[in-house]
Amino acid sequence: MPDATGLELIARELRAADGLDSGAILDTLFFRNRATLIVEPLSIRAVLGALRERGFSFMASLHGVDYYPQEPRLGVLYELLDMSGVDRITVKLRVGSSSPEVDSVTPDWPTANHQEREVYDMFGVVFRGHPDLRRILMPEDYEGHPQRRDFPIGGEPVIFTFNESDSLGSAQ
Amino acid sequence: MNSNLSDYRRREQSITMAPLQEQLSDVETVGQELFTINFGPHHPATHGVLRLLVTLEGEVVRDIKPIIGYVHTGIEKTAEDKAYWKVIPVIERMDYLSYYFNSMAFIGAVETLLEVEVPKRAQYLRVIHMELNRIMSHLVWLGTSALDLGAISMFWYCFRERERILDLFEFSSGQRMHTRYFQIGGVIEDIPTGFAEKLRAFVEEMPTRIDQYGALLSRNEIVLQRLRGTCPLNAETLLTLGVTGPLLRAAGNPWDLRKAAPYSSYEDFDFKIPIGTVGDNYDRYAVRRAEMYESVKIIGQALEGLPEGPHITSDRKVALPPRHELATSMEALIHHFKLVTEGMRVPPGEIYYPIEGPRGELGCFVRSDGSSKPARVHMRDPSFVNLQALAHMAEGSYIADLIATLAMLDPILGGIDR
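These protein sequences, in sequence, are chains Y and P. Heads up: the first sequence at position 26 corresponds to 26 in our numbering, and the numbers run straight through without jumps. One rule links them: number in our numbering = place in the second sequence (from 1) + 172.
Worth flagging that the hints you see were computed from the coordinates, not collected in a lab. All residues carry an ideal CB built from backbone N, CA and C; glycine is no exception. A hint or two may mislead.
As the list claims (entries may be wrong) - Think about it this way: if two alpha-carbon atoms lie no more than 35 angstroms apart in a straight line, the pair counts; the simulated DSBU-like pairs of lysine-lysine are: (1) LYS92(Y) - LYS545(P); (2) LYS258(P) - LYS292(P); (3) LYS237(P) - LYS92(Y); (4) LYS469(P) - LYS92(Y); (5) LYS489(P) - LYS92(Y); (6) LYS370(P) - LYS237(P); (7) LYS254(P) - LYS292(P); (8) LYS431(P) - LYS370(P); (9) LYS292(P) - LYS510(P); (10) LYS92(Y) - LYS431(P); (11) LYS545(P) - LYS431(P); (12) LYS258(P) - LYS545(P); (13) LYS545(P) - LYS489(P); (14) LYS370(P) - LYS292(P); (15) LYS431(P) - LYS444(P); (16) LYS292(P) - LYS249(P); (17) LYS431(P) - LYS258(P); (18) LYS510(P) - LYS545(P); (19) LYS249(P) - LYS237(P); (20) LYS92(Y) - LYS258(P); (21) LYS92(Y) - LYS249(P).
Said to hold, decoys possible - Here are a few chain Y residues that face chain P, going by a calculated C-beta distance under 7 angstroms: (22) ALA60; (23) SER84; (24) VAL126; (25) HIS130.
To be verified - Sample of chain Y residues lacking proximity to chain P, with all beta carbon distances greater than 12 angstroms (derived): (26) ALA4; (27) GLU8; (28) ILE10; (29) GLY96; (30) PRO157; (31) ASN163.
So here's chain P without its partners, still in its complex pose:
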């Protein structure tokens, strides 16, 4: 029978894998050797330009050193050279997925220094936009994380809903991202006619969409295998590392500044804080998905209970006078001129103003020296602090789990590097 074969087939069958397998049996000595690989900065799974020096033992992660600063743009320094109201557009560009939160933290600090009272309607409008932003940020996280796990269709579904949110942002402020909608003392414009109907339709539809994400992912075999039980970290360690937000809540600690220390009228709304149990990657996924339902609930309540009244403070030293007054009132014209050319003077002092961003405690520190420009602006960005937990989470796990953990950590490099 063998004689019927061609030379080629005979040669092919004569090849034996035995020498290779002998080498493989020696795998223990191979496994003890550590080697360091460079992961990023240009790697699609790093969610930006994050570079990790990963020390591996075989396929097991032994050490991670994050190297950051690739998109450092010196926004904190730039802010020192701008009048307070001109800082808002640059500060929004720090964490580019939570622009409403960035401006809220900064504006909150300045408003505390100025002791300005924000009208109730403006507070509600801020809540509506911040919660829309939270859903939007979580949608980008969910879509890209699912992409990291190999599920490309989730990306399209999440970005389909994100488009609707960006359309709403465009409707209320004219911009899809970095909207400059929040102003010191309130919001720049009242919502336009038709916004409420569009938002109501979104609020009605969104829970069914989140249901669909859950149906696709929550009991998906691949998702369960990749996320359940991988890279857990307990709440005590997370607290010593300064981690807040969904990561901390996934480990069972229900800390949420919206409930604990309400700002901007969050005490008026009825919502729950989803928490996890063991703090593994699956809990991180589940907590963020559940948070989207709660955000929709808050938006619905804020929309139905939206109080009548002004959308920005009537303090002319802080907020621009309405357009129609400029034609008739000399005083309004002077205020307008002073505000636009010089900006407002803020009493000297230092304030740290924390809010609950989509990734955890987003705090803005503002120091005023009494002039019309801030003497120091510092953003305590949750991504920057949370990144320290990555090494603790992923040590001792496989490199594939490192990718999943990084996705569930949800770092935004614009916020980390600022």
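Looking at chain Y on its own, in the form it has when it is part of the complex:
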């Protein structure tokens, strides 16, 4: 893990790097020995590209978080791994729920394909430029994004034989 100083050094390097907006790194967070960079959503591809040049060349995971009721509400986290230095860094961005759009990183990181689809499915974050942005775990005609915090647990009736005909989409 980069220590707290190492994280600040990476953040400073990235702020000074060419081709990167100086406001791309919004904040750093060092918590329980885990380093996190909080970035501007528009510059996510550039930041991940710059981190890749610094050795973080493996994307271990990508996941969505809903910070309801905070705004901007939705978050996308990218867990990067440096295999030769055995180092991890988390890159985090936040987008509002009104029009959650983030540039897809799938063209640069093919592993993000399924994972971005999952975040889209569960949180409704639209990844611009994703080659095949469809629902992945929920049915394709499903409405809503079930992992959002305001989506009720158990809000859907369980369909048994006796209430089969009452459910949505049944032939009546």
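Let chain Y serve as the given structure and place chain P on it in line with the hints.
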């Protein structure tokens, strides 16, 4: 001579195959036509309810689109409505062949948030159970994969040894699967009397069993023809696709979190990381089989070096007080009541905790908002990520090799769909 034949025989001999063979000679135009078939979700070779849309050119696979979600049960959502310690049973049911690993990834994340120190004995007991689980998972993989290749006896042999492991799980926790043995801060109970002897007998016997699997399969002509050289994928492509675990190691990259970033005292044990050379299906088979030997070695060392001491942390805000204290101590009773009714409050924060599962990097992301229920639980399941590599592996190979590759990929649909 012909006149002696019956009408039937004469008619039979007059039939010529020539028109059919003329059509077959036109096979090139037939071969250019692509057709898409639906493979699964209810197909024994898909190892669960995986559906593949396979585009074929003749018998050659040109494109694969996996369709998943048939066993999506919303475990991540369910976890948000449960106290931390009640999440463990549901999270174990994600990847149903690596339940100890699922709970370890989740518990590790929560323990990091809580900054709880786990006693050494609990760490060793966790290692013993995780490595038993790894062998068990590999046995199911080996048995079902051999079944896909047409060898049914392997299935019985593998499940015979798997039964012994499940008996050990039952001995230590009362359950054969989804044991809820790991708890935040340690393990729920110390191993019972007699467990060590039973485990020692298993550790002594298992290497001879793995030898037998090798004798049956490793130089078997059918296995060699089906696996050697089929569907290789190099380490660079695997890394861009996020593939970890035995699949990556088969391609020659010795990445293993147990060695690279040890957790739960893995640094105390002496074991090797088996790797392959070309990354074909045979290497995938060989790496997993060799991993079973290493797991047995780790179990043996952990059992011999098992430290004395408590099996769970003494932090009463995290772990239940011992049963005998409840009768005499009011404080213990209060702690017990608070833990069972409300659960523990976890400091706010976000943690991603990766461990080395039987299929690769199994990471659990937990976000706490300071309450007694997690605000978000996400499992980075290796099967889910590794599945993306299937199309890259099997493109351009025969459909029969696709079955073998899927078997060697070892996807667990419970983990993919969660």
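For each hint, the structure was consulted:
At roughly 22 angstroms between alpha-carbon atoms, LYS92(Y) and LYS545(P) fall within 35 angstroms of each other, so this suggested pair holds. Taking the CA atoms of LYS258(P) and LYS292(P), the gap is near 24 angstroms; set against the 35 angstroms cutoff, the hint holds. A threshold of 35 angstroms between alpha carbons decides the hint, and for LYS237(P) with LYS92(Y) the separation of about 30 angstroms falls inside it, so the pair holds. At most 35 angstroms may separate the alpha-carbon atoms for a hinted pair to count; LYS469(P) and LYS92(Y) exceed this at roughly 40 angstroms.
A threshold of 35 angstroms between alpha carbons decides the hint, and for LYS489(P) with LYS92(Y) the separation of about 31 angstroms falls inside it, so the pair holds. Annotation: proposed proximity of LYS370(P) to LYS237(P) is violated, straight-line Cα distance about 46 angstroms (limit 35 angstroms). Between LYS254(P) and LYS292(P) the alpha-carbon distance is near 28 angstroms, which keeps this suggested pair within the 35 angstroms criterion. About 28 angstroms separates the Cα atoms of LYS431(P) and LYS370(P), which keeps this hinted pair within 35 angstroms; it holds.
Pair hint LYS292(P) plus LYS510(P) holds up; C-alpha atoms about 27 angstroms apart against a cutoff of 35 angstroms. Restraint check for LYS92(Y) and LYS431(P): satisfied, since their Cα atoms lie roughly 28 angstroms apart, inside the 35 angstroms limit. In summary, the hint linking LYS545(P) to LYS431(P) is supported, as the alpha carbons are separated by about 32 angstroms, within the 35 angstroms threshold. Note on LYS258(P) and LYS545(P): the hinted pairing holds, with a Cα-Cα distance of about 9 angstroms set against a maximum of 35 angstroms.
As the CA atoms of LYS545(P) and LYS489(P) are separated by approximately 15 angstroms, the hinted pair is consistent with the 35 angstroms bound. Proposed proximity of LYS370(P) and LYS292(P) is supported: the alpha carbons are some 22 angstroms apart, at most 35 angstroms. Proposed proximity of LYS431(P) and LYS444(P) is supported: the alpha carbons are some 9 angstroms apart, at most 35 angstroms. As the CA atoms of LYS292(P) and LYS249(P) are separated by approximately 33 angstroms, the hinted pair is consistent with the 35 angstroms bound.
For the hint pairing LYS431(P) with LYS258(P), the CA-to-CA distance comes to about 31 angstroms; that is within 35 angstroms, so the pair holds. Only pairs whose Cα atoms come within 35 angstroms are accepted, and LYS510(P) paired with LYS545(P) is accepted, the gap being roughly 14 angstroms. Restraint check for LYS249(P) and LYS237(P): satisfied, since their Cα atoms lie roughly 27 angstroms apart, inside the 35 angstroms limit. Between LYS92(Y) and LYS258(P) the alpha-carbon distance is near 28 angstroms, which keeps this suggested pair within the 35 angstroms criterion.
For the proposed pair LYS92(Y) and LYS249(P), the alpha carbon gap of about 21 angstroms is at most 35 angstroms, so the pair holds. Contact between ALA60(Y) and chain P, as hinted, is supported at the beta carbon level, the nearest pair being about 6 angstroms apart and thus within 7 angstroms. Hint status for SER84(Y) relative to chain P: violated, with the closest Cβ pair at about 10 angstroms, above 7 angstroms. Because the smallest distance between the Cβ of VAL126(Y) and any Cβ of chain P comes to about 19 angstroms, over 7 angstroms, the interface hint for this residue is violated.
The beta carbon of HIS130(Y) comes no nearer than 13 angstroms to any beta carbon in chain P, farther than 7 angstroms, and the hint placing it at the interface is violated. The claim that ALA4(Y) lies off the interface holds: its Cβ sits roughly 15 angstroms from the closest Cβ of chain P, which is beyond the 12 angstroms cut-off. The Cβ of GLU8(Y) lies farther than 12 angstroms from every Cβ of chain P, with a closest approach of about 19 angstroms, so its non-interface assignment holds. With a least CB separation of 17 angstroms from chain P, ILE10(Y) remains clear of the 12 angstroms interface cut-off, as annotated.
Distance to chain P confirms GLY96(Y) as a non-interface residue, since its nearest Cβ pair spans about 18 angstroms, more than 12 angstroms. The Cβ of PRO157(Y) sits about 15 angstroms from the closest Cβ of chain P, beyond the 12 angstroms cut-off, so the non-interface label holds. The beta carbon of ASN163(Y) sits about 20 angstroms from the closest Cβ of chain P, which is more than 12 angstroms, so the claim that it is off the interface holds.
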